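Peer 1: One letter stands for each residue in the lines below.
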Amino acid sequence: VPSETLFSNAVKNLTDALTSASVNSNNYRFYVQHWTATTYLDEPRYNMTSRIIPQNMWQSLYRDVLSDLKESKRLVMENTATIESVKNNQLAQIEIMEVYAWSVLLNTFGDVPYTQALDPENSLPVYDDAQTTYNAILVRLNDALSLINDTAAGYADGDLLYEGDMEKWVMFGNSLKLKLAMVIADVDAAQAKSLVEQAAPNVFTSNDDNAVLRYLSSQPNNNPVSNSVTGIYSTREDYVAANTLVDIMNDLEDPRRQQFFTQVDGEYVGGIYGYTNSYPDFSTVSAKVAAPDNEGLLLDYSEVSFLLAEALERGFAVGGTIEDHYNEAITASIEYWGGTSAEVDAYLGQSSVAYNSAAGDWKDKIGTQKWIALYNRGFDAWLEWRRLDAPTLLPPVEGLVVPLRLIYPVNEATLNGTNKNAASAAIGGDSSATPLWWNVN
Amino acid sequence: RRVTGTVTSDEDGLPIPGATVLVKDTSVGAATDIDGKYSLTLPENGTVLVFSFIGMATQEIPVSGQSVIDVVLEFDASELSEVVVTAMGIERNKNELAYSAQQVQGDQVSRTRSADFVSTLSGKVAGLDIRSNNTMGGSTNVVIRGYSSISGNNQALFVIDGVPVSNANNSPSAVDFGNTASDINPDNIESINVLKGAAATALYGSRAANGVIMITTKKGKKNSMSIDINSGVIWSSMDKSTFVEYQKEYGAGYIQSFRASQDLGSGEAPVVRFQDDASYGPAFDPNLQVYHWDAIDPTSPNFGKTKPWVAAENDPSAYYETGLNSNQSITISGGGDETTFNLGYTRNDIKGNLPNSTIDKNMVNFSAAYNATEKLTVSASANYTRTEGIGRYGVGYNGTNPNQQFRQWWQTNVDVREQESAYFRNRQNETWNWNGANTGPIYSDNIYWSRYENYSNDARDNIYGYIMLNYELTDWMSVMGRATLNATTDMQEERLAVGSAGVPFYSRYNRDFKESNYDLMLNFDRDISEDLSFNGLLGGNIRREETSSIDASTNGGLVVPRLYSLSNTVNPMTPPVEGYSRRGVDGIYANANFGYREKLFLELSARQDKSTTLPEGDNTYFYPAAGLNYVLNDALKNVSWISAGKIRANYAEVGNDAAPLSVYDIYDKPTAFGSIPLFSLPSTKNNSNLKPERQKSYEAGLEMDFFNSLFGFDFTVYQTNTVDQILPVDITAATGYTRRYVNAGEVENRGFEVSAYVTPIQTNNFTWDMRLNFSRNRNEVISLYGEGDSKVENVPLASFQGGVSVNAAVGHPYGVIRGNDFVYTNGQRTVDENGYYMVGADPSTIIGDPNPDWLGGINNTFTYKGLSLAFLIDIRKGGDVWSLDRWYGDATGIYPETAGLNDKGNPSRLPVSEGGGMLLPGVKEDGTPNDIYAENQNGDGQTPLGYAANNYVGTPRSLYIYDGSYVKLRELVLSYSLPSSIFGSNSAIKKIDLELVGRNLWIIHKNMEYSDPEEGLGNGNSARGYQSGAYPAMRNYGFNVKLNF
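From first to last, the protein sequence lines are chains A and B.
In terms of the working numbering, the first sequence is residues 1 to 441.
In terms of the working numbering, the second sequence is residues 10001 to 11045.
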């Protein structure tokens, strides 16, 4: 089969896994307290085993994404009919997506099988050290970027993100590099600095550059959120907006509330996080979020701008000013969601938002605004929250810990127990409270 | 001097052709003709005639000068002289067999009129483990001598008159469409022989590795005419001991409050939490007026009105209706000089116990044989069954299963009769489970709406038959050619109506299956010398199987409500799932039996198969079997109380091929993304190096009859090892796949079986017969795959909701249940500082074993003249079951255990500070007895039991492991044969039998509350040991009338 078809499938599956709101696989919107549940509190209280959440995430990434990417790469290599530059571009597209997928695995679990992974002949792959692996994928990302010839074609029709625009792929690759490098800034500042500075000149410059997958309105190619919230594909009323997010946005009179949530009697009301909430009494997800054809985001300009602001705070030379990047990030987010420039100005004009006057240190300022901007992007919001530790999120009841990682899939204990146990010991215990290697501050 | 006479049978009074009449101590003799008549010339020294016929007791009669001697031969009670049908349809005297074979007569399975006759074998054959679901016409698992294949098929093979017939379970969705063996007409069964071990089945090849249920149908007799009419009606009603008892103190809610008061028409009043599918809400109070679900229903007389806050008068047990199973059959059989025929028609109408559920079956059976010449016999059989079902039951965790609501998510204030009238008033989905805006259902539909609108319907045509030619080449050799066919066509339609919870759909599944077999067989029967007998066969078999299916569904909803067609889809349809597979197996086989002086028998057989489902070039496999059998009759001649005995032993191997499509890799094709095609690697990695799997078994047995066959037993020990299994094993997704085919693994089954009979009382008019079956199987997974460091210790067979899994684990019995255990302190369950059970850290702790310790059946028959009373007690000891029903139901406050008074005498649902709370049995972490009352209602839906316990980590899963033992009064039959004297000798009616029958009337003992421990999850290897939405057991009772003309 054409290698492109496997590439397309992998990109779709990756976006699905990160976008989904199924309690069976993706509960990050709970962990960052953007949403909470109405009735069934297992997941907002961080139970990961009664549904096989880690296993579903693990399977999506390895089996449904990385395996197809590996196969598409094999088919590209075998293909003798395509000219070298096109092949290189295709390989770069595949590599960038592979690096993306590996980064999600590493930033979810910590140590995972890498060097021996994706080989069905070896059903007991060893788990590799997360930091080493992370460094390895950063190298691969660099190599991929150097392969791209933006005057030649790559995957085009089957490129669900950019329809074969290789210039955009250069920007996407560099934006990814910026993001992934920043993750290790607290443990390996030197490498982070070097990579961030390399990437910064070539990152996204507007929302037009965003890595988005434009979902279709009909199943199974609809936005998976629409399978889980009230609408044409579901009658369930499982989610309402969490008071944690709604209260902060109310305080800031955030113009994005109307795009994020529904109203109750003309107001935005969040359900108490981690407790039972009566669905009609609280704001739930907006029609925009619930729409079957709402697009899925893998990386956007707002996020990149926040990263540039952070880079400057960390003393990395990326150009511009902190405040400009910060304002740009918020502007990009409001505009992305459909806000007007008047709303942007009013919002940024508030002392509680303006960079020089907002409360807290730079981590609080950037962290809180980024946490809002990453609404409906649970995984990334969770990643950034773990990194920036802002805003402060408290577990619903004493004794629980907001997850810092997903535990390893339960079936790994029976399928690959020895290696899983070694990895658990290596990372400091297979607990959702174990911080990942980069989570040191 | 001539002597003449007629030999007849005591059973039906009909003449016996081919009986032997010998003049004792001479070589003079004769055989009876077609009318049972004989004639011989008595020699000088002849004084006594010996009458014998296979399967009947030999009689010696002194001539004493008579010239006409008529004899009535009686069936031989001795089990050992029984004639049994063995592999390939060969009739053998049981005496000669080197393996265990247990026979059941046809009327034993037809009289209680189960929708599936297979389920009636339970308790009647030692070593046969039958598990039937309580669904209408639902799945039945038939496993002989334990589960031996880790992930392959473990179900026995069904063979009818030499035709292998499918017992497939084609239930692609959550609806249980049952097994195809239920298409077999019980009225047409003459006898069933259960071939248990590999030695008995080796001739059938690989597919018989799980044993064979060999069915012989009724045949016509020469020069006779007989009409049998059987008419029966069976009612069924719920055995309440297997259903939920509801607590009646608290109603709807996860928390003890109503929705905010509103005015829905009769002033401000509390509104029930319709959206909460639980009963942990406010305490009932008849003086409190609240808005119930029907206040939202504009068609209800109660629209906009309040009603008292009380428990429902009719709980869901009232939802179950009385079932009815009517069965009418007529069989005409007979024959002329050279022909015999049998023609039967059966009509079976079943009305299930759920609303809107029926199965109608029409069964036609025909068989005939013709002696074309003295040497050539032609026979053929054609059978057709059409089964049409409406509203088959959904199983497991699914909206089509009402027990998902009744056992897991229910409000005790909901009256099912009110739900019924709400639906029928306007045929709309007036649910008890309104969403937050009161505009439609949130999770659960009106329970009558779902049965009458969201039903499935199905139809199956099942054809099986054969054509056979038999030619006697010489008097000791014959050649047989046979072609057999079994073909099924299934059509299943399912629907979800517009207005239901969920995306409405219509789906359609079509499946065609065809298997044909061609056998050519040379049969030998020649005594080598006076002492040494020989018979044998040499044959070849060609088997071809073809399955194709298509499964299509609408996408995104239905445009026009109540119009069910694929074209009524909202979004363009995704491509239907198509399946096509073929399998071809060519086999050659040989069998030889040597007998020495009717005492010592040696049986040798061998078969070689070549299968298309194995890698080319490495797809041929050979397997042998050998058995030795010694008849002790002569050796024990001097022990007067021993009437017969034999001892036997055998060894057999059976090879097995792979499931189709497990050798080469292919891509999956997901639905295209708009115009962009997608392909994907499959989730299962195939294996081009597969080799055949192999089963090796040993068996030894002793059969004895005592006191002139008043007592006897058959004792068998066996061990079966299945090695090199072809397994699609789960592997870590880190390999890029979640399953992979490998050749590895060994499962051992060993055990013993006893079947015994005893006649404690036998007088002229009164007899008491007992028949006992006992079997004990021990099963162990010896190895899985991989070596050294990469040795795999566990293969999950299924992971289930609730956090438990069913596994094959090295060193453990097949199918062990894993989940979180308790934390034990000094062997006691430990509670935490809040009084909730602490949960063990390892979610893969072995907490249960679904394999029974032993199975037993006790069959008693009392006969007094024409009156007979028979009852069967069916026993299973052990076999664990994990209940998702309790796991959810305890957390939603349905069961009585979740309410009531605590040991302080206060309602446990009061706050602990007010004297409430639940004291869980166990100890605290310091080992002292638990004295901490756990909040049974803490205001945010947390509970002490079930899934919401311990801050939603849940209760240790081992709390919901139940012992699946049971003792059931499986059958009770009172029958009366009208004395033949009341019919004149010229009467058309020859025989009338009246029967009162009962099935599953009484569960004498069980350890699992509110449920039938026999209930499982549909069909297959992981179907046992887990209950979700279990159906209650049904008591069946009714009558049969049998007429013979």
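Simulated from the structure, these hints should not be mistaken for laboratory data.
It should be emphasised that the depicted structure is a prediction, and the values quoted were computed from it without experimental measurement.
Hints should not be assumed to be uniformly reliable.
[Stated by the list, open to error] Non-contacting residues of chain B with respect to chain A, defined by C-beta distances greater than 10 Å in every case (computed): (1) Thr10008; (2) Ala10057; (3) Asn10153; (4) Ile10227; (5) Thr10299; (6) Ala10483; (7) Leu10636; (8) Ser10640; (9) Gly10802; (10) Phe10862; (11) Val10973; (12) Trp11002; (13) Tyr11037.
[Unchecked claim] Derived lysine to any residue pairs resembling SDA-like cross-links, with alpha carbons at most 20 Å apart: (14) B:Lys10669 to A:Glu121; (15) A:Lys70 to B:Lys10240; (16) B:Lys10037 to B:Gly10336; (17) B:Lys10218 to B:Ile10229; (18) B:Lys10037 to B:Asp10337; (19) A:Lys73 to B:Ile10666; (20) B:Lys10691 to A:Asp186; (21) B:Lys10240 to B:Lys10791; (22) A:Lys70 to B:Lys10218; (23) A:Lys70 to B:Ile10666; (24) B:Lys10691 to A:Arg74; (25) B:Lys10865 to B:Asp10993; (26) A:Lys73 to B:Pro10677; (27) B:Lys10307 to B:Gly10336; (28) A:Lys73 to B:Tyr10667; (29) A:Lys73 to B:Lys10240; (30) B:Lys10218 to B:Pro10308; (31) B:Lys10669 to A:Leu216; (32) A:Lys70 to B:Lys10037; (33) A:Lys70 to B:Pro10677; (34) B:Lys10221 to B:Ala10988; (35) B:Lys10669 to A:Leu75; (36) B:Lys10791 to A:Ala413; (37) A:Lys70 to B:Asp10228; (38) B:Lys10991 to B:Asp10228; (39) B:Lys10791 to A:Leu216; (40) B:Lys10791 to A:Pro120.
Glycine included, C-beta positions come from ideal geometry on N, C-alpha and C.
Peer 1: Hints first: check each against the structure and report whether it holds.
Peer 2: We went through each hint and held it up to the structure:
Under the 10 Å C-beta cut-off, the non-interface status given to Thr10008 (chain B) relative to chain A holds; the minimum distance is some 66 Å. Even its closest Cβ contact with chain A, about 59 Å, leaves Ala10057 (chain B) beyond 10 Å, as expected for a residue assigned away from the interface. Residue-level check passed: Asn10153 (chain B) sits 23 Å from the nearest beta carbon of chain A, beyond 10 Å. With a cut of 10 Å on Cβ distances, Ile10227 (chain B) stays outside the contact zone with chain A, its closest approach being about 58 Å.
Annotated as non-interface, Thr10299 (chain B) keeps its C-beta farther than 10 Å from every C-beta of chain A; the closest such distance is 21 Å. The Cβ of Ala10483 (chain B) sits about 41 Å from the closest Cβ of chain A, beyond the 10 Å cut-off, so the non-interface label holds. With a closest Cβ-Cβ approach of about 54 Å to chain A, Leu10636 (chain B) is found to remain outside the 10 Å limit, as its non-interface label requires. No Cβ of chain A approaches the Cβ of Ser10640 (chain B) within 10 Å, the least distance being about 61 Å, so the stated non-interface status holds.
With a minimum CB-CB distance of about 7 Å to chain A, Gly10802 (chain B) fails to clear the 10 Å threshold, and the non-interface call is violated. No beta-carbon of chain A comes within 10 Å of the beta-carbon of Phe10862 (chain B); the shortest separation is about 53 Å. A cut-off of 10 Å between C-beta atoms confirms that Val10973 (chain B) is not in contact with chain A; the least separation is 47 Å. For Trp11002 (chain B), the condition that its CB be more than 10 Å from all CB atoms of chain A holds, with the nearest at approximately 37 Å.
Residue placement check: Tyr11037 (chain B) keeps its beta carbon more than 10 Å from all beta carbons of chain A (closest about 42 Å). A threshold of 20 Å between alpha carbons decides the hint, and for Lys10669 (chain B) with Glu121 (chain A) the separation of about 24 Å lies outside it, so the pair is violated. Taking the CA atoms of Lys70 (chain A) and Lys10240 (chain B), the gap is near 57 Å; set against the 20 Å cutoff, the hint is violated. Proposed proximity of Lys10037 (chain B) and Gly10336 (chain B) is supported: the alpha carbons are some 16 Å apart, at most 20 Å.
A distance of roughly 14 Å separates the Cα atoms of Lys10218 (chain B) and Ile10229 (chain B); the hinted pair therefore holds under the 20 Å criterion. Of the pairs offered as hints, the one joining Lys10037 (chain B) and Asp10337 (chain B) holds, with about 14 Å between alpha carbons and a cut-off of 20 Å not exceeded. In summary, the hint linking Lys73 (chain A) to Ile10666 (chain B) is supported, as the alpha carbons are separated by about 17 Å, within the 20 Å threshold. A distance of roughly 54 Å separates the Cα atoms of Lys10691 (chain B) and Asp186 (chain A); the hinted pair therefore is violated under the 20 Å criterion.
Simply put, Lys10240 (chain B) and Lys10791 (chain B) have alpha-carbon atoms about 48 Å apart, too far for the 20 Å limit, and the pair is violated. Our distance criterion of 20 Å between C-alpha atoms is broken by Lys70 (chain A) and Lys10218 (chain B), whose separation comes to about 61 Å. For the proposed pair Lys70 (chain A) and Ile10666 (chain B), the alpha carbon gap of about 16 Å is at most 20 Å, so the pair holds. Among the hinted pairs, Lys10691 (chain B) with Arg74 (chain A) is inconsistent with the structure: their alpha-carbon atoms are about 28 Å apart, more than 20 Å.
Distance restraint check for Lys10865 (chain B) and Asp10993 (chain B): the Cα-Cα separation of roughly 13 Å lies within the 20 Å cut-off, and the hinted pair is therefore satisfied. Taking the CA atoms of Lys73 (chain A) and Pro10677 (chain B), the gap is about 17 Å. The hint holds against a cut of 20 Å. At roughly 76 Å between alpha-carbon atoms, Lys10307 (chain B) and Gly10336 (chain B) are farther apart than 20 Å, so this suggested pair is violated. Pair hint Lys73 (chain A) plus Tyr10667 (chain B) holds up; C-alpha atoms about 15 Å apart against a cutoff of 20 Å.
For a cut-off of 20 Å, the pair hint linking Lys73 (chain A) to Lys10240 (chain B) is broken: about 61 Å separates their Cα positions. A C-alpha spacing of about 63 Å is found between Lys10218 (chain B) and Pro10308 (chain B), which places the hinted pair above 20 Å, so the restraint is violated. Pair hint Lys10669 (chain B) plus Leu216 (chain A) holds up; C-alpha atoms about 18 Å apart against a cutoff of 20 Å. In summary, the hint linking Lys70 (chain A) to Lys10037 (chain B) is not supported, as the alpha carbons are separated by about 83 Å, beyond the 20 Å threshold.
Distance check on the hinted pair: Lys70 (chain A) and Pro10677 (chain B) sit about 18 Å apart at the alpha-carbon level, within 20 Å; holds. Restraint check: the Cα-Cα separation between Lys10221 (chain B) and Ala10988 (chain B) comes to about 18 Å, which is no more than 20 Å; the hinted pair holds. Restraint check: the Cα-Cα separation between Lys10669 (chain B) and Leu75 (chain A) comes to about 16 Å, which is no more than 20 Å; the hinted pair holds. Distance check on the hinted pair: Lys10791 (chain B) and Ala413 (chain A) sit about 13 Å apart at the alpha-carbon level, within 20 Å; holds.
Between Lys70 (chain A) and Asp10228 (chain B) the CA atoms are separated by roughly 69 Å; this puts the pair beyond 20 Å, and the hint is violated. Distance check on the hinted pair: Lys10991 (chain B) and Asp10228 (chain B) sit about 9 Å apart at the alpha-carbon level, within 20 Å; holds. With a C-alpha separation of about 45 Å, the suggested pairing of Lys10791 (chain B) with Leu216 (chain A) is violated against the 20 Å cut-off. With a C-alpha separation of about 15 Å, the suggested pairing of Lys10791 (chain B) with Pro120 (chain A) holds against the 20 Å cut-off.
In the structure shown, a violation is registered for the earlier hints numbered 9, 14, 15, 20, 21, 22, 24, 27, 29, 30, 32, 37 and 39, in ascending order.
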